[in-house]
Structures are given as structure tokens and as C-alpha cells.
Amino acid sequence: MTIRLLLISNLLLFVAPLSAQDNYKLGPDSMVQDKVPQGSVTQHKWTSKKVFPGTVRDYWIYVPKQYNGRTPAAIMVFQDGGTYVNTKRQFRVPTVFDNLIHKGGMPVTIGIFINPGVIPATRKGARPRRNRSFEYDTLSGQYARFLLEEILPEVSRSYKLTDDAELRAIGGISSGGICAWSVAWERPDKFRKVLSHVGSFTNIRGGHHYPAMIRKTERKPIRIFLQDGTNDLDNLHGSWPLANRQMAAALKFTKYDYRFVMGTGGHNGRHGGAILPESLQWLWRGWNGKSGSKDKAK
Amino acid sequence: MIIRPASVLLLVLTCSTALAQDMPLTQVLLPGQGWELVGSGYKFTEGPAVDDKGNVFFTDIPNNRIHRIDAVTGKVGVFATETARTNGLMFGSDGLLYGCRNGDRQVVAYAADASHTVIADNLPCNDLVVTSDGRLFVTDPANGKVWHIDDKRKKRVVAEGIHPNGVILWPGQGTLVVTERNEPHLWTYRVEADGSLSHRERYYLPLRMLPGRERPGSDGMTVDAAGRLYVTTYAGVQMFDPTGRMGGVIHKPQRGSLANVVFGGPRLDLMYVTAGDKVFRRKTKVRGAPYFLKPRAGSR
Numbered sequence: 001m002t003i004r005l006l007l008i009s010n011l012l013l014f015v016a017p018l019s020a021q022d023n024y025k026l027g028p029d030s031m032v033q034d035k036v037p038q039g040s041v042t043q044h045k046w047t048s049k050k051v052f053p054g055t056v057r058d059y060w061i062y063v064p065k066q067y068n069g070r071t072p073a074a075i076m077v078f079q080d081g082g083t084y085v086n087t088k089r090q091f092r093v094p095t096v097f098d099n100l101i102h103k104g105g106m107p108v109t110i111g112i113f114i115n116p117g118v119i120p121a122t123r124k125g126a127r128p129r130r131n132r133s134f135e136y137d138t139l140s141g142q143y144a145r146f147l148l149e150e151i152l153p154e155v156s157r158s159y160k161l162t163d164d165a166e167l168r169a170i171g172g173i174s175s176g177g178i179c180a181w182s183v184a185w186e187r188p189d190k191f192r193k194v195l196s197h198v199g200s201f202t203n204i205r206g207g208h209h210y211p212a213m214i215r216k217t218e219r220k221p222i223r224i225f226l227q228d229g230t231n232d233l234d235n236l237h238g239s240w241p242l243a244n245r246q247m248a249a250a251l252k253f254t255k256y257d258y259r260f261v262m263g264t265g266g267h268n269g270r271h272g273g274a275i276l277p278e279s280l281q282w283l284w285r286g287w288n289g290k291s292g293s294k295d296k297a298k
Numbered sequence: 001m002i003i004r005p006a007s008v009l010l011l012v013l014t015c016s017t018a019l020a021q022d023m024p025l026t027q028v029l030l031p032g033q034g035w036e037l038v039g040s041g042y043k044f045t046e047g048p049a050v051d052d053k054g055n056v057f058f059t060d061i062p063n064n065r066i067h068r069i070d071a072v073t074g075k076v077g078v079f080a081t082e083t084a085r086t087n088g089l090m091f092g093s094d095g096l097l098y099g100c101r102n103g104d105r106q107v108v109a110y111a112a113d114a115s116h117t118v119i120a121d122n123l124p125c126n127d128l129v130v131t132s133d134g135r136l137f138v139t140d141p142a143n144g145k146v147w148h149i150d151d152k153r154k155k156r157v158v159a160e161g162i163h164p165n166g167v168i169l170w171p172g173q174g175t176l177v178v179t180e181r182n183e184p185h186l187w188t189y190r191v192e193a194d195g196s197l198s199h200r201e202r203y204y205l206p207l208r209m210l211p212g213r214e215r216p217g218s219d220g221m222t223v224d225a226a227g228r229l230y231v232t233t234y235a236g237v238q239m240f241d242p243t244g245r246m247g248g249v250i251h252k253p254q255r256g257s258l259a260n261v262v263f264g265g266p267r268l269d270l271m272y273v274t275a276g277d278k279v280f281r282r283k284t285k286v287r288g289a290p291y292f293l294k295p296r297a298g299s300r
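Residue numbers (the working numbering), protein chains in the order written: chain E, 1 to 298; chain B, 1 to 300.
If you are wondering where the hints come from, they were derived from the structure by calculation, not from laboratory data. Among the hints, erroneous ones may be present.
Here are the simulated DSS-like pairs of lysine-lysine, each with C-alpha atoms no more than 30 angstroms apart in a straight line [claimed, not checked]:
1. B:K252 with B:K285
2. E:K88 with E:K160
3. B:K75 with B:K285
4. E:K25 with E:K35
5. E:K88 with E:K35
6. E:K124 with B:K155
7. B:K278 with B:K75
8. E:K190 with E:K216
9. E:K65 with E:K190
10. E:K124 with B:K53
11. E:K103 with E:K160
12. E:K255 with E:K220
13. B:K152 with E:K124
14. E:K50 with E:K220
15. E:K252 with E:K216
16. B:K154 with E:K124
17. E:K49 with B:K155
18. B:K285 with E:K124
FRET-style restraints, in silico, Cβ to Cβ [stated by the list, open to error]:
19. B:D94 with E:V118: 31 to 37 angstroms
20. E:R219 with B:G256: 42 to 48 angstroms
21. E:S156 with B:Q21: 44 to 50 angstroms
22. E:R219 with B:V249: 32 to 38 angstroms
23. E:P120 with B:S132: 54 to 60 angstroms
24. E:E218 with B:K285: 43 to 49 angstroms
25. E:K45 with B:D22: 47 to 53 angstroms
26. E:V56 with B:V249: 32 to 38 angstroms
27. E:G141 with B:S132: 35 to 41 angstroms
28. E:K45 with B:G256: 48 to 54 angstroms
29. E:P221 with B:D151: 56 to 62 angstroms
Computed footprint of chain E on chain B; a stretch qualifies when at least three of its residues, placed anywhere within it, have a C-beta under 8 angstroms from a C-beta of chain E [said to hold, decoys possible]:
30. 184 to 195
31. 200 to 210
Note that the coordinates shown come from a computational prediction; the quantities given were computed from them, not determined experimentally. Where a beta carbon is used, it is the ideal one built from N, C-alpha and C, also for glycine.
Construct the complete structure from the given sequences, taking the supplied hints into account.
Okay, here's the thing in C-alpha cells:
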């Protein structure tokens with residue numbers, strides 16, 4: 001009884017402030033719509049032999065109904081794939097893709113949703129080496145290499161994917177967000193569209209250096225949508241709201257094609273999920289040759 | 001305010017996961033508790049090792065002595081003399097003190113009376129780690145090798161091509177960590193059943209480096225029961241969480257060398273460091289995880 005009471009009071013402590021700040025609702029583009037063709041999602045396993053040797057992970061491939069097998073499809077990769085591919089939680093990417101592709105808000109796009117790797121321990125009872133932070137937070141081209149040398153070639157065995165960097169996007173939440181930026185930053189010849197939800201541009205593994213690097217590096221051909229919330233994390237690694245503001249200011253200074261939306265939420269995907277359809281339409285605008293007007297920061 | 005129970009649970013899970021992942025120094029250090037001098041007047045201290053009572057042994061390499069710090073009184077006494085520049089030390093679950101007897105190019109095991117038996121010959125070594133089932137990993141910086149010595153005392157090279165210095169295992173002994181003094185990362189390897197090492201990665205990265213220095217000077221390491229890893233460097237004792245993220249730098253007790261670290265004392269909550277001519281300790285909120293103890297739940 002005491003334990004139960006304690007639990008409930010803890011719940012209220014957490015929930016009361018969160019519910020007000022994170023009161024974001026999904027719109028119709030995040031719901032399955034009648035008469036909109038639905039793509040298919042398949043689940044796969046990958047054991048890395050080259051770039052993150054020994055890691056195992058799940059990944060999913062979304063193929064839109066409109067994909068015809070002849071025309072190369074655009075690509076969008078998501079870190080923490082299981083979170084984004086889930087059609088019951090905050091992001092529901094397959095459903096959003098169905099709706100946006102149907103109405104022409106984005107190209108026919110194959111979605112690749114990849115979980116972070118784990119190196120299982122051989123010794124009985126020993127803890128596995130969780131590779132998420134190493135893969136996502138490290139400032140290097142290693143994750144880009146993983147995509148370019150392992151995952152994309154594998155997916156290309158079954159599907160025709162575009163080589164046009166303008167039609168290759170990548171997104172993620174938290175450390176997955178900074179990872180998306182790192183991929184485009186390291187390989188803008190291969191990925192030029194970035195979507196970041198509550199991105200960890202903080203000092204987990206040096207990510208706080210990016211705003212300074214952006215200001216003092218010749219502009220790269222990257223378009224980026226940044227989302228964060230005023231109640232995001234403030235911990236030993238840094239302040240997420242300040243870090244995202246620093247990113248936005250640096251992108252503005254260097255005249256990047258960027259958009260920054262600051263909500264009131266915490267370190268979760270509620271706000272990012274609610275605005276996902278408009279975020280994606282902004283990110284993909286002009287994909288069909290009709291160039292969208294260059295948005296300025298809000 | 002209407003909140004469905006399921007979403008409440010989810011919220012709480014999300015929060016607690018986020019909190020659990022963050023391991024700031026405040027989880028380790030006690031307010032107002034700084035370094036305390038344990039012993040001084042040595043030439044170069046190294047190899048701190050804890051036994052099953054919490055006594056800490058360390059070596060004074062140039063003076064060829066191994067000292068013992070009593071777990072209860074904190075007094076330092078001489079354990080062994082003429083130790084042939086013995087360097088890295090660690091207790092096995094058999095109660096023996098294993099050491100890198102570098103002057104003789106041997107790995108040895110010291111008994112309670114300080115007599116020693118040879119475990120491996122022709123092996124110039126710096127540091128070692130002893131598994132709970134009596135196997136050893138030994139670093140050989142001169143030849144750029146990590147050796148494995150099995151329970152039949154057969155030695156073989158299990159990693160090379162790096163300049164290894166310190167070596168430690170995670171509490172569950174499934175992952176081996178190796179330092180290179182001049183590299184901005186620590187290496188991790190998976191430990192296979194036969195002692196071979198696989199899937200090398202620069203898992204702990206980046207290390208803090210002092211301004212103007214291109215090398216971290218990483219040396220000895222230890223782990224705590226929650227899986228945090230501590231490595232001595234030029235900048236201080238750097239603490240990493242179990243996912244390889246640096247959580248903070250603990251000040252050095254004095255300028256100059258900081259060679260190695262271990263948790264000792266009756267509760268294993270005293271952090272001991274060997275620092276040049278002295279040995280220091282400070283009380284912490286955490287506990288060490290020597291491999292001869294049965295691992296606590298969640299500490300693997």
C-alpha cells in the first residue's frame with residue numbers, strides 16, 4: 001500500500017508538468033486515411049562485419065505502394081528505427097509517408113529504419129556492449145560509412161535506390177538527431193537532407209563543437225529541419241535547448257537552408273511527431289523540380 | 001487532466017530511463033570529501049590491488065617493494081622486498097597476488113608470505129587483470145601485444161598492433177578494455193570463451209586532454225559495481241559510463257604522475273590512486289567490483 005502510494009505520487013510529479021508542456025496532438029496526416037494506398041514494412045536483421053564489426057541489430061524497410069521497381073526511389077534513413085517505424089506511437093513514419101507520397105508532398109521514398117547495434121557478450125551472464133552512443137554521438141564518418149558500405153548496398157539488392165544526394169534524407173531523435181547531421185556533414189555528396197528531433201548537439205562525445213565548426217567551414221549543401229523544446233534536457237552533457245539554439249544560430253550565420261522549431265516539450269518525440277508531416281514537407285519541398293521558397297528561421 | 005494509466009507508465013519509464021543513463025560525477029563524489037594522503041616518500045607508485053578484506057597493495061617500482069595498506073587502520077607496511085621492479089598487480093580468487101615482475105620478465109603470483117611462483121616467463125609486461133576463473137590478460141607495451149595466460153599457464157598473444165598499457169575487464173568480464181597512453185580513446189574487445197579477443201572498437205572516446213597536449217596519458221583503470229570505468233590520465237581520473245560516454249574528470253591529488261586507481265577499504269568505497277611519490281585515497285558513493293567477488297545484480 002505504501003509502495004503504491006509512493007508510486008502514484010511519483011507518477012504525478014513526473015506527469016503533471018510533462019502533460020502541459022507536451023500536449024501535442026497528431027493530425028490527420030499521421031492517421032491511416034481511407035483511399036490512400038498503404039506501403040509495406042518488412043523487418044530484417046543485420047550483423048556488421050566491416051564498419052561496426054560484431055554488432056547485431058534489427059532494421060525495417062518501408063516500401064510505398066507507388067514504388068514500381070523501375071524508377072529509383074528516394075531514400076530516408078532513421079536512427080532508432082524501431083521508434084520511427086512504429087505506427088502506434090509518436091512518429092508513425094510509414095503512415096505519414098503513405099499520406100504525403102499520395103498527395104505529392106514528398107517523393108516516392110523507401111524508408112530504412114535502423115536500430116543501434118549491440119555486441120552480445122560471449123561469456124554467460126556478462127553485459128552486452130551497447131553501441132548506440134558510440135555509433136550516434138561520435139563525431140566521425142563511421143556511421144555514414146556503415147550506411148554507404150553495408151546497409152544501402154544490402155537494401156539495393158532488393159530495391160532500386162536513387163544516387164541523387166538531394167533525394168537522400170536522414171533523421172533521428174536525440175543522439176540519433178546529431179547522428180543524422182554527422183552523416184550529412186561528413187558525406188554531403190551522399191545525403192543532403194536532415195531531420196533532427198531533440199537532437200543531442202551537446203558534449204556527449206564532442207557534439208557541442210558543431211555550431212563552431214559550422215560557422216568556420218565553407219557551407220555544405222545540406223538542408224536541415226531542427227526541432228527542440230524549452231523543457232528538453234539540461235544535464236552533465238549540456239543544455240539541449242541552448243545547444244539547438246546554438247545550432248540554429250550557426251546555420252543562420254552560415255546561410256544554411258534550415259528551419260528551427262522550438263516548442264515547449266521535453267526530451268521525447270511528442271512535438272516532433274505532431275509536426276512530422278509539415279517537417280517532412282518542408283524538408284522535401286521542391287523535390288519534383290518545383291523549387292520551394294527558401295524558408296527563413298522562425 | 002485525464003491521463004490514461006498506460007501512458008502514465010510510459011511517461012515514467014521514459015523519464016527513469018533518461019535519468020538512469022546520465023552518470024554525472026555527483027553520483028560518485030561525496031560533497032566535502034577530497035583526497036587524503038595515505039603514504040609518501042616513495043619513488044614511483046603503481047599497481048594498486050585490493051584483496052578480499054579490502055586491504056590495498058601497491059608497488060614502489062624503483063625501490064623494489066610492494067606495500068600493504070591495512071583496510072581497517074589505513075596504515076602502510078612493507079609486504080615484499082626485492083620485487084624486481086614489479087609493476088601491475090591484481091588479486092585472483094585464489095587469494096594470490098599476481099604481478100608483472102618486469103625486471104625478471106615474468107608474470108608471478110605472490111603468496112601471503114611474499115614468496116612468489118612464476119606463472120609465465122619471457123614476458124615483459126606492464127599491467128594485468130585476473131579473471132574469476134584464474135586466467136590472465138597481460139599487457140606487453142614493449143612488443144605491442146596483449147597476452148592471455150590460461151588456467152594451465154599457457155600464454156599466447158590475443159591482440160597486437162597497439163601499444164597497450166593499462167588493462168581491465170567489465171564487472172561481468174565479457175568485455176576487456178585496454179589503454180594506449182598516446183591515443184584519445186580506450187579500446188574495447190569482446191572476450192571469447194577461449195580467451196581470444198574480438199570486435200575491437202574505440203568505445204571510450206574522446207578522452208579529456210590538457211590544453212597543448214596531444215596525448216591523454218591514459219594509464220591504469222578500475223571499474224565500479226555499476227559498470228562505470230575510471231582511467232588515470234594527465235588531466236585526472238576520467239570517469240566513463242557503461243555506454244562509453246565520459247561523465248567527468250576527478251582532480252588529481254597533486255601535480256605530476258597519476259598512474260593507477262582501485263577501490264579498496266572494507267566497503268570497497270575508497271578510491272585509491274598511485275601518484276608518483278605518494279598514494280592518496282578519497283571516500284566515494286560507489287563501490288568497486290573486484291572479479292573474485294560474486295557480481296551483484298545489475299553490475300555485469
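Status of the hints after comparison with the structure:
1. B:K252 with B:K285: 18 angstroms, holds
2. E:K88 with E:K160: 29 angstroms, holds
3. B:K75 with B:K285: 23 angstroms, holds
4. E:K25 with E:K35: 23 angstroms, holds
5. E:K88 with E:K35: 20 angstroms, holds
6. E:K124 with B:K155: 23 angstroms, holds
7. B:K278 with B:K75: 14 angstroms, holds
8. E:K190 with E:K216: Distance ~22 angstroms between K190 of chain E and K216 of chain E Cα, so the pair holds.
9. E:K65 with E:K190: 25 angstroms, holds
10. E:K124 with B:K53: 27 angstroms, holds
11. E:K103 with E:K160: The given pair, whose Cα atoms are some 22 angstroms apart, holds under the 30 angstroms limit.
12. E:K255 with E:K220: 10 angstroms, holds
13. B:K152 with E:K124: Cα-Cα ~21 angstroms, so holds.
14. E:K50 with E:K220: 28 angstroms, holds
15. E:K252 with E:K216: Holds, because 13 angstroms separates the two Cα atoms, which is no more than 30 angstroms.
16. B:K154 with E:K124: 23 angstroms, holds
17. E:K49 with B:K155: Within the cut-off at roughly 28 angstroms; holds.
18. B:K285 with E:K124: 29 angstroms, holds
19. B:D94 with E:V118: 31 to 37 angstroms: 34 angstroms, holds
20. E:R219 with B:G256: 42 to 48 angstroms: 46 angstroms, holds
21. E:S156 with B:Q21: 44 to 50 angstroms: 35 angstroms, violated
22. E:R219 with B:V249: 32 to 38 angstroms: 35 angstroms, holds
23. E:P120 with B:S132: 54 to 60 angstroms: At 20 angstroms between Cβs, range violated.
24. E:E218 with B:K285: 43 to 49 angstroms: 48 angstroms, holds
25. E:K45 with B:D22: 47 to 53 angstroms: For D22 of chain B against K45 of chain E, whose Cβ atoms are near 30 angstroms apart, the range 47 to 53 angstroms is violated.
26. E:V56 with B:V249: 32 to 38 angstroms: 33 angstroms, holds
27. E:G141 with B:S132: 35 to 41 angstroms: 39 angstroms, holds
28. E:K45 with B:G256: 48 to 54 angstroms: 51 angstroms, holds
29. E:P221 with B:D151: 56 to 62 angstroms: 59 angstroms, holds
30. 184 to 195: Three-residue rule met by the stretch 184 to 195 of chain B, so holds; n is 5.
31. 200 to 210: Our answer is that it holds, as 6 residues pass the Cβ test (under 8 angstroms) against chain E, meeting three.
When each numbered hint is compared with the structure, violations occur for hints 21, 23 and 25.
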